[in-house]
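*Asks:* Residue-level listing of the chains:
There are 2 protein chains.
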Amino acid sequence: MMTENSQDIPGLVCPIPLAHDDKIVLGHGSGGKMSQDLIEKTFFPPLDNPILRAANDAGIAVIDLPQKNGEKVTCRLAVSTDSHVVNPLFFPGGDIGRLAICGTVNDIAMMGAQPSYLTASFILEEGLNIEILQNVLESMKDSAAESAIQIIAGDTKVVEKGKADSLYINTAGVGILPPGVNIHGANSQPGDIVILSGTIGDHGIAVLEARGDLGFKSSITSDIAPLNGIVQDILKITDQIHTMRDPTRGGLATSLNEVAKQSQVCIEIYETKIPINPAVLSACEMLGFDPLYIANEGKFLLIVPEVFVEPILQKMKSHRYGQDAVIIGRVRANPKGRVLMRTSIGTTRVVDILSGELLPRIC
Amino acid sequence: MMTENSQDIPGLVCPIPLAHDDKIVLGHGSGGKMSQDLIEKTFFPPLDNPILRAANDAGIAVIDLPQKNGEKVTCRLAVSTDSHVVNPLFFPGGDIGRLAICGTVNDIAMMGAQPSYLTASFILEEGLNIEILQNVLESMKDSAAESAIQIIAGDTKVVEKGKADSLYINTAGVGILPPGVNIHGANSQPGDIVILSGTIGDHGIAVLEARGDLGFKSSITSDIAPLNGIVQDILKITDQIHTMRDPTRGGLATSLNEVAKQSQVCIEIYETKIPINPAVLSACEMLGFDPLYIANEGKFLLIVPEVFVEPILQKMKSHRYGQDAVIIGRVRANPKGRVLMRTSIGTTRVVDILSGELLPRIC
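So the protein lines, in turn, are chains A and B.
Taking numbering that gives the first Met the number 0, the leading residue of the first sequence gets 0, the next gets one more, and so forth.
Taking numbering that gives the first Met the number 0, the leading residue of the second sequence gets 0, the next gets one more, and so forth.
Hints were generated in silico from the structure; no laboratory data involved.
Treat the hints with care, since some could be wrong.
What the hints assert, rightly or not - Simulated crosslink set (BS3-like; lysine-lysine; CA at most 27 Å straight-line):
{"no.": "1", "chain 1": "B", "residue 1": "K40", "chain 2": "A", "residue 2": "K140"}
{"no.": "2", "chain 1": "B", "residue 1": "K71", "chain 2": "A", "residue 2": "K235"}
{"no.": "3", "chain 1": "B", "residue 1": "K162", "chain 2": "A", "residue 2": "K160"}
{"no.": "4", "chain 1": "B", "residue 1": "K140", "chain 2": "A", "residue 2": "K40"}
{"no.": "5", "chain 1": "A", "residue 1": "K235", "chain 2": "B", "residue 2": "K140"}
{"no.": "6", "chain 1": "B", "residue 1": "K22", "chain 2": "A", "residue 2": "K22"}
{"no.": "7", "chain 1": "A", "residue 1": "K162", "chain 2": "B", "residue 2": "K22"}
{"no.": "8", "chain 1": "B", "residue 1": "K335", "chain 2": "B", "residue 2": "K314"}
This structure is a prediction, so every number in the text was calculated from the model and none was measured.
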């Protein structure tokens, strides 16, 4: 079914009904416009505060530590949380365990903070095979080791059969924000350059394949990866990065739109520069998806002053998770709050935020 | 059905089958022996580290903050997480929103830390009335205000109808641990006095009533409350508190057993001293439950050197959430790892940890 709003996004067929004002629908979990509406209208009015409203990947807590000598040391923590409900639990290139670790590690890394400690909380469905749980935990162990984080608090709840789908995992985490680092969705400025760390769409299409929804076998694997290592390497070059963001639910288009709105700038991207695996592109063309809206789990955007672009790109390309890093666009002053794409045929089109739900339970 | 293990606990009828080695059963979420087995055998081997293994209500993260003058400031954070799956969402005296705030606030408070910042993550079932979500969020707002905490990061996922039960909420939180405070399940010592802040069993029975499982109307309301205020008041008297714990899932008996094992001491309690609302006692007698195993959400145990008992009790009784505070027992050297109860008829019996599942989805 084509919905009224999906015409905003060329190439996007939205098979799931959009907004009902009084009931939760799958689109409310899309990470796109319906998620934002729900947050703005339902979550913010009761829970609002300036840190939450900053709407970055993680909230920044400022903590004063009184010292014995009467002085005060201020510590800034980046704090983040994500619940993971991906279906199925295992897919090419990853599983819910790796997703749970990397999702929170990356949210904290996107603030320029080094994640150190995570919590992990499990909702288990009665009847779940413990062997499946063990496999997920082994994967969490490996991803935690790769990210150099420790899980220091946990919780387990069990619900009756039919009240969950095998297992859901929440992770939350804290990381110390180094003094001087101020990376924020609202900090992008006209003249800044937009760098993308690699190909888009791999995660979403890999999960779709695992569901058997592709209708054919592909070689596509999820890009899930912890990005704190590469981010720390970049911060050694300069801490004057304006914005970083990992384009997960809602994809690259949604992340760029969020930044354009928060920074009140225009972000112009070049269609021909955006790296996409040919297999992902084929799958998207067959299914009628626009890869700009497909979730990623191991890619990130950097928006930086032009002067730092070359050394950052060089560093990224030397890193396992940034080999395909490339300039994909530039920040302009106007039209404010908009993302524009120069297409391969030389025209310009507006790239909007995801309106409905593209792929439910992708993370 | 009486199970083999339930004979350990006089008065406890366990209606749910116990251990299957290869599948998750409801008992794995009890907070009692089966939960501990699952954690020991399945979660610890891959995720083990000394902080997680300390098995307190919150993990302690030690963070070094390098300063400009070359000195190093060390900061200790108490970090905790809980997923909330209570059924039904609303019950006399509370709801899942208040539970989600107080559960994490209390875990951090039990370490002697002052919780400041929480994250909140929601798993919503497709079809949920948004008005229900709004009511839950309003309750979270009120409980956050009462606890003086801010929610600084959040997440929302939506799953298909039949893949959750209306809504689940995870909260995680951080609090600063003041220098000198070292409250730990392993710190109780022979000679220490055991204080309980009030009546037991109110939360569990209130939820049971809301499910319609009592079979009669009662005046019982849940005791859900944030305990950080009363804990901060007690810490002004002394920071030499050995152990604090809130007896949630598994009840008072399970919390006391955990401490007896961790501290390698015997805890002796006096049956006649344990405060129980008459209505809760009646309900337990009718249903064949032992109130020692029923969950609480606004009560806590303090284990302290005798010298501090009087001023602490006086302070607690002046506080809204400690009016019925009372000495319920004493720590002895032997038999190590055991909880003994002097009964009203003068005999002594062993109080064991909860073996099976008493009341699923109580929090």
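*Asks:* Confirm or reject each hint.
*Replies:* Hints, verified against the model:
no., hint, verdict
1, B:K40 x A:K140, "holds (15 Å)"
2, B:K71 x A:K235, "holds (21 Å)"
3, B:K162 x A:K160, "holds (9 Å)"
4, B:K140 x A:K40, "holds (15 Å)"
5, A:K235 x B:K140, "violated (41 Å)"
6, B:K22 x A:K22, "violated (34 Å)"
7, A:K162 x B:K22, "holds (16 Å)"
8, B:K335 x B:K314, "violated (31 Å)"
Violated hints for the displayed structure, listed by number in ascending order: 5, 6, 8.
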